[in-house]
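Asker: The whole structure should be built from the sequences, with the hints applied where relevant.
Residue numbers (our numbering), protein chains in the order written: chain A, 1 to 111; chain B, 112 to 225.
Keep in mind the hints are simulated off the structure, nothing from the lab. We treat Cβ as the ideally placed atom computed from N, Cα and C, and that holds for glycine. Mixed in with the good hints, there may be bad ones.
A short, non-exhaustive set of chain A residues, derived as facing chain B with CB atoms under 8 Å [unchecked claim]:
| id | residue |
| --- | --- |
| 1 | Gln42 |
| 2 | Gly43 |
| 3 | Pro44 |
| 4 | Arg45 |
| 5 | Phe46 |
| 6 | Gln49 |
| 7 | Tyr87 |
| 8 | Pro92 |
| 9 | Thr93 |
| 10 | Gly96 |
| 11 | Lys98 |
| 12 | Leu99 |
| 13 | Thr100 |
| 14 | Phe101 |
| 15 | Gly102 |
Sample of chain A residues lacking proximity to chain B, with all beta carbon distances greater than 12 Å (derived) [said to hold, decoys possible]:
| id | residue |
| --- | --- |
| 16 | Ser12 |
| 17 | Asn19 |
| 18 | Asn26 |
| 19 | Thr83 |
Distance condition first, Cα-Cα at most 27 Å in a straight line; then the derived DSSO-like pairs of lysine-lysine [unchecked claim]:
| id | chain 1 | residue 1 | chain 2 | residue 2 |
| --- | --- | --- | --- | --- |
| 20 | A | Lys98 | B | Lys120 |
| 21 | A | Lys98 | B | Lys151 |
| 22 | A | Lys98 | B | Lys152 |
| 23 | B | Lys133 | B | Lys151 |
| 24 | B | Lys151 | A | Lys3 |
| 25 | B | Lys149 | A | Lys108 |
| 26 | A | Lys3 | A | Lys98 |
| 27 | B | Lys133 | A | Lys98 |
| 28 | B | Lys164 | A | Lys98 |
| 29 | A | Lys108 | B | Lys151 |
| 30 | A | Lys3 | B | Lys152 |
| 31 | B | Lys152 | A | Lys108 |
| 32 | A | Lys98 | B | Lys149 |
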Amino acid sequence: LAKTTQPISMDSYEGQEVNITCSHNNIATNDYITWYQQFPSQGPRFIIQGYKTKVTNEVASLFIPADRKSSTLSLPRVSLSDTAVYYCLVGPTGGGNKLTFGTGTQLKVEL
Amino acid sequence: DTEVTQTPKHLVMGMTNKKSLKCEQHMGHRAMYWYKQKAKKPPELMFVYSYEKLSINESVPSRFSPECPNSSLLNLHLHALQPEDSALYLCASSQEGIMNTEAFFGQGTRLTVV
Chain A
1 LAKTTQPISM DSYEGQEVNI TCSHNNIATN DYITWYQQFP SQGPRFIIQG YKTKVTNEVA
61 SLFIPADRKS STLSLPRVSL SDTAVYYCLV GPTGGGNKLT FGTGTQLKVE L
Chain B
112 DTEVTQTPKH LVMGMTNKKS LKCEQHMGHR AMYWYKQKAK KPPELMFVYS YEKLSINESV
172 PSRFSPECPN SSLLNLHLHA LQPEDSALYL CASSQEGIMN TEAFFGQGTR LTVV
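Answerer: Shown next as structure tokens:
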């Protein structure tokens, strides 16, 4: 399983765009990159998943460069309710495989 | 229905008690997972069930005993726990046989061992 490295914490203000970068130098050819969000005392929630280039959904964008050794989760115009821990996962994320969480990034959004 | 339901939400048990945590999903997922999460730490995988059979045990102590009685239910039986086992226990499910898919998590059971 590819090891991931993320910043421990980030601070932002409401209305700003937040970019959280994850390093995964030993990503395997078949690995996807997935991001989860977790609020205190709740289970993680899937945000977005991608393999290469750019993926966008209604809540976030995921940018993956050609070498795939890093990825960036982009949250547009954050609000207070986006304060949470964000986890970057690399590898199989379902199908009865291990779903392994790294240390995560605590995002704090202020007024 | 994209919910994973865990009961109870909170549980306090003594070190000599026997209790069970329950998890239920009706999404037709045939992969189900138990995680343990300590405060300010990431979730740690404990067990994985695939088609109701235990496929992964991450060297979890025998005082934790998982059970998957059918494709919708997952239990975690607890016996002779220690105070350090106090944590948030999370259940998750996903489609089986698809390598990259969304895993759905329950709200967790907050367990306190006294």
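Asker: Indicate, hint by hint, whether the structure satisfies it.
Answerer: Right, here's what the structure says about each hint:
1. The closest approach between the C-beta of A:Gln42 and any C-beta of chain B is roughly 6 Å, which is under the 8 Å cut-off, so the hint is satisfied.
2. Because the beta carbon of A:Gly43 sits about 3 Å from the nearest beta carbon in chain B, less than 8 Å, this interface hint is met.
3. Restraint check, A:Pro44 versus chain B: the minimum CB separation of about 5 Å is within 8 Å; hint holds.
4. A least Cβ separation of about 7 Å between A:Arg45 and chain B falls short of the 8 Å threshold, and the interface hint therefore holds.
5. Against a cut-off of 8 Å between C-beta atoms, the interface hint on A:Phe46 holds, since the closest Cβ of chain B lies about 4 Å away.
6. The criterion of a C-beta within 8 Å of any C-beta in chain B is met by A:Gln49, whose closest approach is roughly 6 Å, and the hint holds.
7. For A:Tyr87, the suggested interface contact is upheld, since its CB lies about 6 Å from the closest CB of chain B, less than 8 Å.
8. The beta carbon of A:Pro92 is positioned within 8 Å of a beta carbon in chain B (closest approach about 5 Å), and the interface hint is therefore held.
9. About 6 Å separates the beta-carbon of A:Thr93 from the nearest beta-carbon of chain B, less than 8 Å, and the hint is met.
10. Restraint check, A:Gly96 versus chain B: the minimum CB separation of about 4 Å is within 8 Å; hint holds.
11. For A:Lys98, the shortest C-beta to C-beta distance to chain B is roughly 6 Å, which falls under 8 Å, so the interface hint holds.
12. Hint status for A:Leu99 relative to chain B: holds, with the closest Cβ pair at about 6 Å, below 8 Å.
13. Given the 8 Å rule on beta carbons, the hint for A:Thr100 holds: about 6 Å separates it from the nearest Cβ of chain B.
14. With its C-beta approaching chain B no nearer than about 4 Å, A:Phe101 sits inside the 8 Å limit, and its interface hint holds.
15. Taking 8 Å as the C-beta contact cut-off toward chain B, the hint placing A:Gly102 at the interface holds, the least distance being around 6 Å.
16. Against the 12 Å criterion, A:Ser12 stays outside the reach of chain B, whose nearest CB is about 20 Å from its own CB.
17. Its beta-carbon lying about 21 Å from the closest one in chain B, A:Asn19 satisfies the requirement of being farther than 12 Å from that chain.
18. Interface exclusion of A:Asn26 from chain B stands, the closest Cβ pair being 18 Å apart, more than 12 Å.
19. The Cβ of A:Thr83 sits about 15 Å from the closest Cβ of chain B, beyond the 12 Å cut-off, so the non-interface label holds.
20. Distance check on the hinted pair: A:Lys98 and B:Lys120 sit about 25 Å apart at the alpha-carbon level, within 27 Å; holds.
21. Annotation: proposed proximity of A:Lys98 to B:Lys151 holds, straight-line Cα distance about 21 Å (limit 27 Å).
22. Distance check on the hinted pair: A:Lys98 and B:Lys152 sit about 17 Å apart at the alpha-carbon level, within 27 Å; holds.
23. Note on B:Lys133 and B:Lys151: the hinted pairing holds, with a Cα-Cα distance of about 24 Å set against a maximum of 27 Å.
24. Proximity of B:Lys151 to A:Lys3 is assessed by CA-CA distance (about 19 Å); at most 27 Å being required, the pair is judged to hold.
25. For the hint pairing B:Lys149 with A:Lys108, the CA-to-CA distance comes to about 20 Å; that is within 27 Å, so the pair holds.
26. About 13 Å separates the Cα atoms of A:Lys3 and A:Lys98, which keeps this hinted pair within 27 Å; it holds.
27. Only pairs whose Cα atoms come within 27 Å are accepted, and B:Lys133 paired with A:Lys98 is accepted, the gap being roughly 21 Å.
28. Of the supplied pair hints, the one linking B:Lys164 and A:Lys98 holds, its CA atoms being roughly 15 Å apart against a limit of 27 Å.
29. At most 27 Å may separate the alpha-carbon atoms for a hinted pair to count; A:Lys108 and B:Lys151 meet this at roughly 14 Å.
30. For the hint linking A:Lys3 to B:Lys152, the alpha-carbon distance of about 16 Å falls within 27 Å, and the restraint holds.
31. Of the supplied pair hints, the one linking B:Lys152 and A:Lys108 holds, its CA atoms being roughly 17 Å apart against a limit of 27 Å.
32. For the hint pairing A:Lys98 with B:Lys149, the CA-to-CA distance comes to about 19 Å; that is within 27 Å, so the pair holds.
Checked against the numbered hints above, the structure breaks none of them.
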